Amino acid sequence: MENIKKEIKKGINLHMIKTDKFKTNLTAVFLTTELKRENVTKNALISSILRRGSQSMNSQEEISKQMEEMYGASFDCGLDKIGDNQILKFYIEVINDNFLPQKNENILQNSIEKILDIIFNPYIENDSFKQEYVEQEKNNIRKIIEGKIDNKARYAMDRCIEEMYKNQPYGLYKYGYTEDLEQINGKNLYEYYKEFIQECKIDIFVSGIINEKTEKFIEDNENIKKLQERNPKYIIPKVEVKEKSSQEKVITDSMEVAQGKLIMGLDVSLENPDLRYVTLIYNGLLGGSATSKLFQNVREKANLAYVASSSYIRYKGNILINCGIDIENYEKALDLIKQQIEEMKQGQFSEEEIQNIKQGIIDTIKTIKDEQDTQISYYFSQELSQEDVSIDEYIDRIQQVTKDDIIKVANEVTINTIYFLKD
Amino acid sequence: MQIIENLKVKEKVYQEKLDNGLTVLIIPKKGVEKKYMIWGTNYGSNDSTFIVPGEEKETAVPNGVAHFLEHKLFEQENGTNSLDTLTALGVDANAYTTNDHTAYLFECTGNFYEAMDELMDYVQHPYFTDENVEKEKGIIGQEIMMYNDYPDWRVYLNAMQAMYHNNPIKIDITGTIETISKIDKEILYKCYNTFYNPSNMALVVAGDFDPEQMIKEIQKRLIDKKSNGKITRIYPEEPDNIVQATIEEKLEVSQPIYTIGIKDKVKECSFENKNEIVKKHIAIEILLKLILGRSSNLYQQLYNEGIISAQPSLDYEFGKTYAHILITGQSEKPEQVYERFKKEVKNLESEGINEEDFNRIKKTIYGAYIKEYDDVEDMAKMFLSDYFKGINSFDYLEEIEGINVEYVEQMLKDVFKEEKMVLSIVKN
Numbered sequence: 001m002e003n004i005k006k007e008i009k010k011g012i013n014l015h016m017i018k019t020d021k022f023k024t025n026l027t028a029v030f031l032t033t034e035l036k037r038e039n040v041t042k043n044a045l046i047s048s049i050l051r052r053g054s055q056s057m058n059s060q061e062e063i064s065k066q067m068e069e070m071y072g073a074s075f076d077c078g079l080d081k082i083g084d085n086q087i088l089k090f091y092i093e094v095i096n097d098n099f100l101p102q103k104n105e106n107i108l109q110n111s112i113e114k115i116l117d118i119i120f121n122p123y124i125e126n127d128s129f130k131q132e133y134v135e136q137e138k139n140n141i142r143k144i145i146e147g148k149i150d151n152k153a154r155y156a157m158d159r160c161i162e163e164m165y166k167n168q169p170y171g172l173y174k175y176g177y178t179e180d181l182e183q184i185n186g187k188n189l190y191e192y193y194k195e196f197i198q199e200c201k202i203d204i205f206v207s208g209i210i211n212e213k214t215e216k217f218i219e220d221n222e223n224i225k226k227l228q229e230r231n232p233k234y235i236i237p238k239v240e241v242k243e244k245s246s247q248e249k250v251i252t253d254s255m256e257v258a259q260g261k262l263i264m265g266l267d268v269s270l271e272n273p274d275l276r277y278v279t280l281i282y283n284g285l286l287g288g289s290a291t292s293k294l295f296q297n298v299r300e301k302a303n304l305a306y307v308a309s310s311s312y313i314r315y316k317g318n319i320l321i322n323c324g325i326d327i328e329n330y331e332k333a334l335d336l337i338k339q340q341i342e343e344m345k346q347g348q349f350s351e352e353e354i355q356n357i358k359q360g361i362i363d364t365i366k367t368i369k370d371e372q373d374t375q376i377s378y379y380f381s382q383e384l385s386q387e388d389v390s391i392d393e394y395i396d397r398i399q400q401v402t403k404d405d406i407i408k409v410a411n412e413v414t415i416n417t418i419y420f421l422k423d
Numbered sequence: 001m002q003i004i005e006n007l008k009v010k011e012k013v014y015q016e017k018l019d020n021g022l023t024v025l026i027i028p029k030k031g032v033e034k035k036y037m038i039w040g041t042n043y044g045s046n047d048s049t050f051i052v053p054g055e056e057k058e059t060a061v062p063n064g065v066a067h068f069l070e071h072k073l074f075e076q077e078n079g080t081n082s083l084d085t086l087t088a089l090g091v092d093a094n095a096y097t098t099n100d101h102t103a104y105l106f107e108c109t110g111n112f113y114e115a116m117d118e119l120m121d122y123v124q125h126p127y128f129t130d131e132n133v134e135k136e137k138g139i140i141g142q143e144i145m146m147y148n149d150y151p152d153w154r155v156y157l158n159a160m161q162a163m164y165h166n167n168p169i170k171i172d173i174t175g176t177i178e179t180i181s182k183i184d185k186e187i188l189y190k191c192y193n194t195f196y197n198p199s200n201m202a203l204v205v206a207g208d209f210d211p212e213q214m215i216k217e218i219q220k221r222l223i224d225k226k227s228n229g230k231i232t233r234i235y236p237e238e239p240d241n242i243v244q245a246t247i248e249e250k251l252e253v254s255q256p257i258y259t260i261g262i263k264d265k266v267k268e269c270s271f272e273n274k275n276e277i278v279k280k281h282i283a284i285e286i287l288l289k290l291i292l293g294r295s296s297n298l299y300q301q302l303y304n305e306g307i308i309s310a311q312p313s314l315d316y317e318f319g320k321t322y323a324h325i326l327i328t329g330q331s332e333k334p335e336q337v338y339e340r341f342k343k344e345v346k347n348l349e350s351e352g353i354n355e356e357d358f359n360r361i362k363k364t365i366y367g368a369y370i371k372e373y374d375d376v377e378d379m380a381k382m383f384l385s386d387y388f389k390g391i392n393s394f395d396y397l398e399e400i401e402g403i404n405v406e407y408v409e410q411m412l413k414d415v416f417k418e419e420k421m422v423l424s425i426v427k428n
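Protein chains in written order, with this note's numbering: chain U, 1 to 423; chain V, 1 to 428.
Simulated from the structure, these hints should not be mistaken for laboratory data.
What you are looking at is a predicted structure, and each value in this text was computed from that prediction instead of being measured.
We treat Cβ as the ideally placed atom computed from N, Cα and C, and that holds for glycine.
Misleading hints may appear alongside valid ones.
Stated by the list, open to error - Here are some, though not all, of the chain V residues that point toward chain U, as calculated from beta-carbon distances under 7 Å:
{"hint": "1", "residue": "139"}
{"hint": "2", "residue": "142"}
{"hint": "3", "residue": "221"}
{"hint": "4", "residue": "248"}
{"hint": "5", "residue": "364"}
Construct the complete structure from the given sequences, taking the supplied hints into account.
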């Protein structure tokens with residue numbers, strides 16, 4: 001597994017991952033831009049409007065038919081938030097030629113051509129996105145935003161992050177806000193798109209059975225040729241040094257739920273960015289696995305919850321604790337969780353537990369190359385943060401973490417926000 | 001050992017039935033880091049009335065025992081929990097219960113044999129006490145409450161209520177707080193001893209292994225247990241017709257969630273008709289895509305009118321005693337989606353299937369089958385659940401070629417019947 005990076009033009013990179021391990025070839029295009037309140041909704045809308053048609057495939061129906069003809073090419077797009085950036089992601093996956101009933105169809109090239117056409121050559125009428133499409137997609141985005149409440153646990157976590165990052169880019173919801181939709185129309189959205197597409201950071205990844213011809217094919221593509229070089233507008237994600245929050249915020253929302261969702265947002269103040277490897281293990285011990293303190297004490301011993309876990313938001317230096325509990329057990333659960341955080345500070349965990357967490361993390365890292373999309377995500381996050389940590393180095397860093405390191409990090413952890421969703 | 005090879009997807013499966021009755025399937029994947037093991041028993045939430053081999057009278061147990069057993073098997077006599085032990089080995093371990101099977105599994109890169117020791121040990125050594133059974137009721141109670149907040153789960157379960165009069169598929173896999181309160185250690189041991197016999201189980205391993213060697217490794221870890229003979233399972237008689245055409249529940253959701261269900265007749269899968277069952281499954285997948293897939297007229301119309309905003313999921317779910325189509329999605333106007341769907345079915349019946357559309361959809365489904373073979377987990381799970389249905393997963397790749405328009409049109413007439421359709425809605 002090797003990622004060969006080539007700058008096609010300033011701000012536009014091609015990453016080639018040669019591998020013959022898979023039944024499929026996967027192409028991904030990532031457009032990265034700074035998260036900003038005034039653009040967040042427009043960016044979300046662009047991601048949906050592009051799926052509606054290109055100059056060569058005028059409608060969604062036509063796109064779908066073309067995809068089906070390529071033995072069911074999976075075309076997908078999504079939105080992501082990494083650090084203070086918003087990322088528009090596009091994927092197309094096709095089975096590789098070895099598994100086609102008829103040979104010589106070269107569906108990889110065909111699929112690359114289609115995805116580039118969709119992103120860089122959208123369907124335009126009178127210097128505007130088709131108004132009808134825009135209105136429909138505005139409605140769809142509205143439904144997604146309103147649909148936040150459907151997954152109660154996810155909603156509670158998003159709300160907690162929103163409270164922790166009030167009036168800051170990371171607190172923004174990646175699909176944007178319904179009140180922005182009113183002013184957007186086909187014309188102004190297309191104006192915005194033209195600017196956006198010439199300013200965003202562009203990364204193209206191709207993974208699978210590929211060669212120099214694939215590279216040449218992409219460089220010679222008309223849609224790529226017409227793009228200008230750029231100084232992309234994005235924020236290099238870095239682990240932040242945080243001021244310790246003096247007082248924890250307590251937020252409670254009410255909604256019709258059978259089970260209460262208790263979320264706690266923790267700040268991990270790190271002066272040295274390399275401490276993030278330590279924090280990863282800290283999180284594993286606290287709530288990142290079935291042997292963790294939260295799982296063992298909140299779920300197994302006290303029987304307060306079915307879900308009791310924590311996750312690490314690497315680029316923001318936060319840990320989110322997530323528990324589903326009986327509403328009347330709020331105080332009990334809260335005390336018990338705080339006790340676990342306290343015990344971490346006092347180093348109440350064994351060498352053996354540390355070893356286990358390390359092994360788990362290392363095993364996960366090793367499987368990165370077993371999945372095409374994970375592999376692409378790994379290289380993309382490196383690209384974005386301008387790092388070059390190989391998988392072996394990463395494993396090495398994890399191995400080096402000691403118990404003292406973890407206790408040191410544990411003592412930098414403070415509770416920022418306690419969020420409770422109840423009925 | 002039987003070697004089954006598929007030249008289309010270029011994969012092989014090694015299958016062997018051991019002396020104690022256990023079926024082993026090994027799927028070698030060269031050059032892949034991930035290794036996966038899954039051990040399943042042909043026993044799920046539907047199996048709550050049965051005759052224990054050697055006994056005469058029926059045994060009926062409360063709903064939720066299969067799932068309860070799944071939770072409890074992890075607990076060991078020495079006070080440890082096998083899930084912790086496996087996690088401590090750095091492997092990703094889990095278990096799940098479905099309507100017709102229960103499975104214990106792990107995925108890892110390192111420590112495979114250590115994890116295999118643990119998995120095979122805990123599945124073969126149950127340890128239930130009055131105390132640990134009581135304790136589990138609290139955890140499972142929280143799990144039941146959590147599912148009650150999932151609108152997707154509610155809409156599914158309600159669709160089952162509308163379609164089935166008696167079949168246990170309509171019961172929550174976890175049971176209810178009330179039924180699990182009746183579970184005790186005697187019940188757990190009785191079900192364990194009946195269904196966790198090697199002759200009722202299958203073990204699937206996928207990864208970079210030598211199959212002969214792997215069989216030996218498995219045999220080394222099996223305790224001495226004899227095949228206990230046939231378990232008679234008793235399922236209530238199920239009429240062909242549905243219970244009610246519509247069902248609704250109120251829950252806080254931003255937009256109504258709907259499931260259109262079509263109840264199908266079940267044929268028990270046997271060696272003689274397994275190809276027929278696979279063919280039918282493929283034909284139904286083709287039909288669902290033709291009617292409501294991304295490139296279909298109906299999908300485009302509903303999308304453009306703003307009635308739906310994403311592709312509904314299209315599934316055919318079947319087991320020994322049940323079979324149904326499920327179409328699930330979100331819409332402000334679920335009744336409209338339902339009416340238009342019914343109309344489209346009629347149109348397709350009267351106008352016939354367009355050959356060009358048919359071939360394109362067939363290509364798509366072929367590609368989707370090929371893609372199933374990249375991940376050890378997907379493969380192992382697929383082979384296990386198909387095995388309990390009496391099917392070899394490769395059969396899908398073999399049967400798809402022979403499927404023609406006439407056959408699919410026949411299936412449209414046989415299965416997509418209006419009097420068998422239900423609409424389940426969850427909304428505010």
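Can we keep the residue 139 of chain V interface hint, with Cβ of chain U closer than 7 Å?
This interface hint holds because 6 Å falls under the 7 Å limit.
Taking 7 Å as the limit, does the beta-carbon of residue 221 of chain V come near enough to a beta-carbon in chain U?
violated (22 Å)
With 7 Å as the cut and Cβ atoms as the points, is residue 364 of chain V at the interface with chain U?
Because about 3 Å separates residue 364 of chain V from the closest Cβ in chain U, which is inside the 7 Å limit, the hint holds.
Using Cβ atoms only, decide whether residue 248 of chain V comes closer than 7 Å to chain U, and label the hint accordingly.
violated (16 Å)
Would you check whether residue 142 of chain V satisfies its interface hint, that is, whether its CB is within less than 7 Å of any CB in chain U?
holds (4 Å)
Against the hints set out earlier in the document, violations occur for numbers 3 and 4.
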